[in-house]
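As a plain string of letters, each chain reads:
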Amino acid sequence: MNIINLTRDYDEDFVHRVEEESGQKVSLCYQCGNCTAGCPYTFVYDIPVSQIMRLVQAGQKKTVLSSKSIWLCATCESCTTRCPNNIDVACIMDVLRHMARREGLAAVPQVKTFWDSFLDSVRAHGRVFELGLLINYVAKTGRFWTDMDLGPKILPKGKLAMKPHEIQGKEHVARIFERFERESNS
Amino acid sequence: MRIGVFVCHCGSNIEGTVDTGIVAKTALDFPEVVFATDTMYACSEPGQDGIIQAIKDKNLTGVVVASCTPRMHEPTFRRAVERAGLNRFMFEMANIREHVSWIGKDREANTNKSVDLVRIAVEKLRRDAPLIPSKFSVNKRVMIIGGGVAGIQAALDCADGGLEVVLVERDSSIGGKMAKLDKTFPTVDCSSCILGPKMVDVAQHPNITLHAYSEVDAISGYVGNFQVQVKKKATYVDWELCTGCGACMEKCPSKKNPDVFNEKIGPCTSINIPFPQAIPKKAYIDATTCRQFVKGKCGVCAKVCPTGAIRYDMTDEIVTEDVGAIVAATGYDLFDISKIAEYGGGRYPDVITGLQYERLLSASGPTGGHIKRPSDGKEPKNIVFIQCVGSRDKSLDRPYCSGFCCMYTAKQTILTKDHIPDSQSYVFYMDIRAPGKMYDEFTRRAMEEYGARYIRGRVAMVYPKGDKLMVRGADTLAGTQVEIEADLVVLAAGAEAAKGAPQLAEKLRISYDKYGFFMESHPKLKPVETNTAGVYLAGSCQGPKDIPQSVGQGSAAAAKVLALFSKDMLESDPQISRVDIKRCVGCGKCIMTCPFKAIKEVEFRGQKKAEVIETVCQGCGICTSTCPQGAIQLSHFTDNQILAEVNALCQS
Amino acid sequence: MSEAIAYYPGCSGLGTSKEYDTSTRAVCAALGLSLVDIPDWSCCGSTPAHTKDHTLSAALSARNLQLVANMGMTAAATPCPSCLTNLRTANHRIEAAPFKAKVDKLLDEPYGGDVNAISVLQALVENVGLDTIKAAVRTPLKGLKVACYYGCIMNRPPELMAFDDCENPMAMDNILAALGAEVVPFPLKVECCGASYGIPRPDVTAKLSGKLLEAAVGVGADMVAVACPLCQMNLDLRQSQVNRAMGTNYRIPVPYFTQLMGVAMNIADTEIGFGKLNVDPRPVLSRALSGAD
Chain A
1 MNIINLTRDY DEDFVHRVEE ESGQKVSLCY QCGNCTAGCP YTFVYDIPVS
51 QIMRLVQAGQ KKTVLSSKSI WLCATCESCT TRCPNNIDVA CIMDVLRHMA
101 RREGLAAVPQ VKTFWDSFLD SVRAHGRVFE LGLLINYVAK TGRFWTDMDL
151 GPKILPKGKL AMKPHEIQGK EHVARIFERF ERESNS
Chain B
1001 MRIGVFVCHC GSNIEGTVDT GIVAKTALDF PEVVFATDTM YACSEPGQDG
1051 IIQAIKDKNL TGVVVASCTP RMHEPTFRRA VERAGLNRFM FEMANIREHV
1101 SWIGKDREAN TNKSVDLVRI AVEKLRRDAP LIPSKFSVNK RVMIIGGGVA
1151 GIQAALDCAD GGLEVVLVER DSSIGGKMAK LDKTFPTVDC SSCILGPKMV
1201 DVAQHPNITL HAYSEVDAIS GYVGNFQVQV KKKATYVDWE LCTGCGACME
1251 KCPSKKNPDV FNEKIGPCTS INIPFPQAIP KKAYIDATTC RQFVKGKCGV
1301 CAKVCPTGAI RYDMTDEIVT EDVGAIVAAT GYDLFDISKI AEYGGGRYPD
1351 VITGLQYERL LSASGPTGGH IKRPSDGKEP KNIVFIQCVG SRDKSLDRPY
1401 CSGFCCMYTA KQTILTKDHI PDSQSYVFYM DIRAPGKMYD EFTRRAMEEY
1451 GARYIRGRVA MVYPKGDKLM VRGADTLAGT QVEIEADLVV LAAGAEAAKG
1501 APQLAEKLRI SYDKYGFFME SHPKLKPVET NTAGVYLAGS CQGPKDIPQS
1551 VGQGSAAAAK VLALFSKDML ESDPQISRVD IKRCVGCGKC IMTCPFKAIK
1601 EVEFRGQKKA EVIETVCQGC GICTSTCPQG AIQLSHFTDN QILAEVNALC
1651 QS
Chain C
2001 MSEAIAYYPG CSGLGTSKEY DTSTRAVCAA LGLSLVDIPD WSCCGSTPAH
2051 TKDHTLSAAL SARNLQLVAN MGMTAAATPC PSCLTNLRTA NHRIEAAPFK
2101 AKVDKLLDEP YGGDVNAISV LQALVENVGL DTIKAAVRTP LKGLKVACYY
2151 GCIMNRPPEL MAFDDCENPM AMDNILAALG AEVVPFPLKV ECCGASYGIP
2201 RPDVTAKLSG KLLEAAVGVG ADMVAVACPL CQMNLDLRQS QVNRAMGTNY
2251 RIPVPYFTQL MGVAMNIADT EIGFGKLNVD PRPVLSRALS GAD
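Residue numbers (the numbering used here), protein chains in the order written: chain A, 1 to 186; chain B, 1001 to 1652; chain C, 2001 to 2293.
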């Protein structure tokens, strides 16, 4: 197990950035563990959410941003709702994902790929094209078996659109993404 | 006037950021200042001697001490100048510690501000006049409000000290929360066995008058001479005749009412004596459930009562008690566990409070001392205890620690093992707070000898699964989520201020904090006094306390009352309002604004005038700022004095 | 009584949750709640947007809220809790002027910030009311045991969603009770179903949805009523995946609560759209309803 040198390895800037971007004060956390207790995803996390909070307090940027947990949080708000110190823990998890993206980190790549495919679909059509999203995701990940079993169940229902619903304002939606990229790079 | 100025270093507390030498030197330039010096500790014996010596040597007629807050040492210095032959009101204090040295680090700015504060004090002192307190007699009776263990102790100590005591209790029996407990930590002795004799002493003490099933309605007067109106709520039973035989309870047909004494986990009859050791052991009728009141017919208790004590036509009665001091000992109430919906308290019958669990453990409880869970009466095997339910929780506006839950939970795990040897207790905790004598050892014993499994973490949710309760929590030390299939879940509900505490505080004219706990006069040095003379505190009404702390405070409050009553006459504070009868136009505005009802209207040569009741006036000064004529002035804080201070500050 | 509110169906309403959309429209129309389509609405960005960036997420929502404002309306209802969360979060975050400025920079037309978003469930309870719903019942769902499942974000966090109880919500329970159904107390009303991990991490979704199905069967429910397209997909379409992963054999219908309202209100089958669900509720329904008579 790694030994953490708390004087040398404390990344003050990281703690400040998390606090600024989330609007939360991480020193409010007294490590009661209620977030971990309620989190439905603890069983797949590599680091339980209460320890993510602890590691943020301890300024351990690399450990936190490389964790799988931040990509497996579904923002179900259980932690935020029940935190006795009113910390918006789910928002902190969101912010950690934003930071991980900026560092080029994604410890559960297929989750990031799925989310990116979703946003690509929105950018292209203005609305999500469900079938197109799935095909795009499969193409990017090579996971061709994804939900193959469900095809026979859903296709006969006639509800999966075969082509996207293009909206008139889709250029406007695309411009939101373009401006966002410009702002992020500036 | 010949004024002396003494500027205190307070060790390095002041001198660290204020140049006291310069302050003293500058003070010599102020009008009528004939002597000024800095001094290491003005409040110490040599410090006070220095002041007395200077008064004598320099023929000083007034003294300014620049040091700490007057709340701390004004009485000290007033006594010192009095010893040197001055009137004690020919003294002023400049607070250059709390108001200067402790709040800023800029030595030059601090020194300048200190000079200004001394300048102000000198200007006020130049307009001070000697004041002579008047004397009044003391009524040496004391009222104790609240008959829990703190109030019982205060009552017994005062009564043993020879005072007449009036004890007022809201419920039909004294005993409070302690009477509901099965055993007590850390000795595991029977609660009613140690409390019972004290309750009997209260009943039998010739100096104690007990008003049970009564509440304080109104309070007027002042230290030494309070008048308290006590509402004796209708019990519908003539307690002079009731022998406590219990025949009425046996025959009462309304048997399914939630038993408040048993924390509503058992039923009770509408006419009821809450528990076998009740003091007084008298029956009362709950009119909200009694068939005679609800349906207009029944009368069974009246028929069976062998002494004919039932009085359906009884009404509330007000009695007035004159006392010289009051001790508030109104205790606490429990956090409402249904507010944390994820634990299911109030929804799932087998999620109960720690106090309800005490009733299940108690031989006089609804299960006769056998632990049976409320839903189906089965004996539980896996029992989960959850700590800090409504404590240390900012999201519920309960950020404070309730103090005693860690200990009673440890006790309950031990008792559980004694009752059900093949049971297993689990305790979810955040920190174990056990700082009392033999306390930490006790919690260790629960784990080491009684096998209670302690899990460091909170619980997120409790939900039913079959006839079990699934408890999902965290073990933060193992860094994992944990689940327990429990038969019974016991929540360590936090302590809250007693219901109605703020209303009582307002009647007593004492302060309370945002949670409703009463404020002591000083958190360390005056823990049982309040800022209202003659009103004292004991027990959990001031903040959560365990039994030994509550008993200690009961005795401490009694000692304060006995000390107060050791004098036959008290001195009134002469810093009160006075009316200049020539200026007063009798408009009555001061009468309306006075919060203490200390001003009355009088006739003077056919004209209406205001008059201050000396003993009632608290010197708050509201009337002086209300009076359109400037006719009413607060002694020692006259308009002229305050304006002189402002002038001094603005011209400096 | 006739009330109008802007209607934001969400992308899945055009596809995988078509039957939620059609049943919602039919039920609201029958109850006098007029749903006015937002012309040319776009996607709110859902979870993927807020996990990428909060400004981007808010801008995608704000575009739609401004479209509502341009209709001269001040409130929008959506059947989808994920859309709802995004719309409400955008409103909440742009209360801070610096954040609003960043969002406006991404938009063609700045958003004024004065359009409230609520769920269709809330609109039915608050704008229509239980009494009106009760009066519209033609075929009471007597004898039908329903577990109401709200999903994780319909009511959480409570400060943001400001509707119903966040731990033990009752709005859907009350509606189902008004329809005459027997509502069974469902302990996992707000527990997460696995959300959007069905595609990238089907193992996760199977486990979490499996727990919910187990609990629903455990409390004796004939079916699970839902109010979220994603919950519905995970519990219904993916029920076979759950069974495979957990070694179970559940076959429990998971209709939208609006579909059950449709049944009780005698709405046309084409609008109810039971045929579009994976586990068809009709056999269970007719068995329960006939047993009651």
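No wet-lab data here; the hints were simulated from the structure.
Please note: incorrect hints may appear among the correct ones.
Here are the computed lysine-lysine pairs in the DSBU-like style, where the Cα-Cα straight-line distance is at most 30 Å [to be verified]:
#1 B:K1514 / A:K25
#2 C:K2207 / A:K140
#3 C:K2207 / B:K1468
#4 B:K1468 / C:K2211
A quick note: this is a predicted structure, and the numbers were derived from the prediction, not measured.
Against the structure, the hints come out as follows:
1. B:K1514 / A:K25: holds, 24 Å
2. C:K2207 / A:K140: holds, 26 Å
3. C:K2207 / B:K1468: holds, 21 Å
4. B:K1468 / C:K2211: Holds, at roughly 16 Å.
In the structure shown, no violation is registered for any of the earlier numbered hints.
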